[in-house]
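**Student:** All chains, full assembly: derive it from the sequences and hints.
Chain residues, written in single-letter form:
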Amino acid sequence: MSGAAIEIALGPLLFNWSAERIADFYAAVAEESDLDRVYLGEVVCGKREPFISGPLAEAADRLARAGKTVVWSTLALPATPRDRRGIAQMAAGEGLVEINDISALAHRPLGAPFVAGPLLNIYNEAAARELMTRGCVRLCPNVELSLPAIGRLAQACPGLEIELFAYGRLPLALSGRCYHARVQGLHKDSCQLVCDRDPDGLAVRTLEGQDFLAVNGVQTLSHGVQTADLPIADLRAAGIGALRLSPHTGDMLKVIAAFRGFSQGRLSPQDLAAQVREAGPPGPLVNGYLHGRAGVDWAPAS
Amino acid sequence: MGSIELVCPAGSPAMLRAAIEAGADSVYCGLRDETNARNFPGLNFSPAEMKAAVAWAHDRGAKVLVAVNTFARAGGVDAWRASVDSAAVAGADAIIVADLGVLAYAHAQHPGLRLHLSVQAAAGTAEAIAFYAQAYGVKRVVLPRVLSAPEIAALVRQTDVEVEAFVYGGLCVMAEGRCALSSYATGKSPNLTGVCSPPDSVSLEETDGLLTPRLGGFMIDQVAPGAAAGYPTLCKGRFEAEGTASHLFEDPTSLNAMALLAELRTAGVRAVKIEGRQRGKAYVARVAAAFRAALDALDRGETTAPYEARLTGLAEGGRETAGAYRKTWR
Amino acid sequence: MRTRHRPRAPRRGDPAEVLMALRPPAEWVLSAALRRLARRRPEVFERLGAFGDAAFLIAPDGSPVAFRLAPQGAAAGVQVRRRDDRSPCAARIEGPLGALLGLFDGSVDADTAFFSRAIRVSGDIEAVMALHNTLEAAELTLADLLGLSAPVSDLANATVRFVRQAAAAKAGWA
Chain A
1 MSGAAIEIAL GPLLFNWSAE RIADFYAAVA EESDLDRVYL GEVVCGKREP
51 FISGPLAEAA DRLARAGKTV VWSTLALPAT PRDRRGIAQM AAGEGLVEIN
101 DISALAHRPL GAPFVAGPLL NIYNEAAARE LMTRGCVRLC PNVELSLPAI
151 GRLAQACPGL EIELFAYGRL PLALSGRCYH ARVQGLHKDS CQLVCDRDPD
201 GLAVRTLEGQ DFLAVNGVQT LSHGVQTADL PIADLRAAGI GALRLSPHTG
251 DMLKVIAAFR GFSQGRLSPQ DLAAQVREAG PPGPLVNGYL HGRAGVDWAP
301 AS
Chain B
1 MGSIELVCPA GSPAMLRAAI EAGADSVYCG LRDETNARNF PGLNFSPAEM
51 KAAVAWAHDR GAKVLVAVNT FARAGGVDAW RASVDSAAVA GADAIIVADL
101 GVLAYAHAQH PGLRLHLSVQ AAAGTAEAIA FYAQAYGVKR VVLPRVLSAP
151 EIAALVRQTD VEVEAFVYGG LCVMAEGRCA LSSYATGKSP NLTGVCSPPD
201 SVSLEETDGL LTPRLGGFMI DQVAPGAAAG YPTLCKGRFE AEGTASHLFE
251 DPTSLNAMAL LAELRTAGVR AVKIEGRQRG KAYVARVAAA FRAALDALDR
301 GETTAPYEAR LTGLAEGGRE TAGAYRKTWR
Chain C
1 MRTRHRPRAP RRGDPAEVLM ALRPPAEWVL SAALRRLARR RPEVFERLGA
51 FGDAAFLIAP DGSPVAFRLA PQGAAAGVQV RRRDDRSPCA ARIEGPLGAL
101 LGLFDGSVDA DTAFFSRAIR VSGDIEAVMA LHNTLEAAEL TLADLLGLSA
151 PVSDLANATV RFVRQAAAAK AGWA
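Respectively, the protein sequence lines represent chains A, B and C. Using my numbering, the first residue of the first sequence is number 1, and each one after it goes up by one. Using my numbering, the first residue of the second sequence is number 1, and each one after it goes up by one. Using my numbering, the first residue of the third sequence is number 1, and each one after it goes up by one.
Since the hints were made in silico from the structure, they are not lab data. Each residue gets a CB set at the ideal place from its N, CA and C atoms; glycine is no exception. You may find that some hints are simply not true.
Said to hold, decoys possible - Not close to chain C: a few residues of chain B, all C-beta gaps over 12 Å, as computed:
1. 13
2. 104
3. 111
4. 301
5. 306
6. 308
To be verified - In silico SDA-like links for lysine to any residue, alpha-carbon gap of 20 Å or less:
7. 51/B - 29/C
8. 139/B - 111/B
9. 51/B - 44/C
10. 51/B - 3/B
11. 254/A - 30/A
12. 51/B - 79/B
13. 63/B - 162/B
14. 51/B - 43/C
15. 254/A - 234/A
Stated by the list, open to error - Computed from the model, here is a short list of chain A residues facing chain B with C-beta under 8 Å:
16. 106
17. 182
18. 296
**Tutor:** Spelled out as structure tokens, the structure:
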């Protein structure tokens, strides 16, 4: 399997971008030949959905016409009856969907293929096999898993495609509470969607001024930017079949091209990191989780 | 409307006895390893202690619920299966599970063993609960602490599965089991190892009375001389955003929903749960007695008000909140 | 074992020096009691797990001396040390004597004691949790561990008296 191509996938947009920004972003992405698959859909907050569903539907058409595989992603923490209806509709449809909350399984026709997203708690081969019996064809493992752990899981689940969270701020937590609203002294129910001010999340620092986290509405992300710069042979050996890049500001096309080059062995891990830094990531590069260490750590390729 | 079951924590056999003597209907506990979500040093039960504890509890008409509620390690699932087997051998009345793989094993291997869905599974919708009930025969769900009381009432109406809700103790501000803040700073996943903000990654410096807790080197807070300080859990820390320092995620409060017991009872909540297996027998004796008295008062048609002051001083950081049960929390 | 103890020139009138001079019989009694307990109830110390060999310096506020407790292992025992003792130990636990005793006998839970900041801990927090949880689960008191059979309150009262006398003596001598 050493020769099989590693797919490059663009994860769902986690931030509350304007309709124009979304349209421009996916228009550019559609022209990008280095990209195989694009996930679309509001994963973080159902309140954003009415504002972005139009632009995302247009993006889906454009991406599909450009030959990309489009996969719709469900909300991760449904909070209202409307959120639940949205998940039900998406799950009941025929197309490939990414499931980010167990709720969706209640509506998914048994055996209909789906992707298990990183916000589901699938940590081991036994749990992954449970999903496979229900139609799971691909797993993007929880970001806490080390590469050796992913390798063990993949080895015990033949036929399951593994997509690694390879670039972007790490999605660390979800809450019933909206921190963007809380910072502004607003209540979640009248939040005025203030999360639109921070296209990569709102910086959270320690009292000493050390950069640490980023909040994105009800979601908390890392300040550091995951960059899976491990030797490509190690990724292949662990069963990785796809690399997921999470949308951020900065030059995403450059990030996509860098990962394509890296996946094809044209860029070394060091070159990958250098290219990613040049693309203007929203924080320093991190990869600790993949090495079984604190997620915030950065162990440069040797 | 039946009585609500009072479910109390037991970090040791001594604490289990204290909880039951103080009026707990059920206690929950775990084995001394990574398979339960309170894997702190010196805490929990050996398989032999668990067996003896179950016998002791059953003699007194109390139930023992065994938490096997962390997520199994890739390549190491057998340890979680062994814990399920130990709980079954000990005669546990139910096991509390979150991991799909562990649920599947328990359902297949121990069909007579009652399954409760752990709060760590964060099943907060009727659909998610229905999935676990249909796929694994789950009989009870412990609700995530992000739902408001009216939402719980609506949920109970939509499900046949028994509902258990936390009413007292440490409050997770994030959806339980879906939080990696601690591992981002320390490398140890609470979901996998059963320890959030692990003590070996905590440091405390005190200079001129100013206490500085750190987790994995990150400053979590600075506590003025004499001011109350909580265990340095990341989500209860103070951080800076938009130029202002605050308890951004959650104030260092702990949950006390005693005043909402009547509402939860009307909503059809079947059991209420006290957090705090790590807090010892003095704590559980006091909290169990207070909630026993309050629940008995409800059964007599009286108010819980006289019992609400009984727990003053036990709260983390000295402050209490009704948390997400009141929608204003959001 | 009295490794790393540096003899100091006694300063006249220092209550710590007076107590230090009297320590050998106390250490002998306390250590013997601890070892007896370990023989009688080995399961008590199983809970310490990886911290079986850890040592703890327990320093009651106002007392010029502290107790160095090694619950298990080759060096199991209790030693009386000056409270500024800096020889290696897993953790240092300080606070009012009553709070320290309550912490270890389960009448005050660790979180409450810590939240109210009555108890101050430095060093290996995990080791302190292991010690606390072990003692709490064993239904032992710190007085048991120190080999004293008197009820906790008597012990506390006696020690409070002692510490006050030492402080008064110190003030008188200064």
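**Student:** Within a Cα-Cα threshold of 20 Å, do residue 254/A and residue 234/A meet the stated pairing?
**Tutor:** violated, 23 Å
**Student:** Is the Cα-Cα distance between residue 63/B and residue 162/B 20 Å or less?
**Tutor:** holds, 16 Å
**Student:** Verify the interface restraint on residue 106/A: the C-beta must sit less than 8 Å from at least one C-beta of chain B.
**Tutor:** holds, 4 Å
**Student:** Within 20 Å, alpha carbon to alpha carbon, are residue 51/B and residue 29/C?
**Tutor:** violated, 37 Å
**Student:** Hey, residue 254/A versus residue 30/A, does the alpha-carbon distance stay inside 20 Å?
**Tutor:** holds, 14 Å
**Student:** Against chain C, does residue 301/B hold up as non-interface, every C-beta pair farther apart than 12 Å?
**Tutor:** Per Cβ check, residue 301/B is outside 12 Å of chain C; nearest 33 Å; holds.
**Student:** For the pair supplied as a hint, residue 139/B and residue 111/B, is the alpha-carbon distance within the 20 Å limit?
**Tutor:** holds, 12 Å
**Student:** Residue 13/B: least C-beta distance to chain C exceeds 12 Å?
**Tutor:** violated, 7 Å
**Student:** Report holds if the minimum CB distance from residue 306/B to chain C is greater than 12 Å, and violated otherwise.
**Tutor:** holds, 23 Å
**Student:** Would you check whether the claim that residue 111/B is not at the interface survives, using Cβ distances to chain C and the 12 Å cut-off?
**Tutor:** holds, 33 Å
**Student:** Does residue 308/B sit more than 12 Å from chain C, CB to CB?
**Tutor:** holds, 18 Å
**Student:** The output says residue 104/B does not contact chain C. Does that hold with a beta carbon cutoff of 12 Å?
**Tutor:** holds, 31 Å
The structure fails to meet hints 1, 7, 10 and 15 from the earlier list, while all remaining hints are met.
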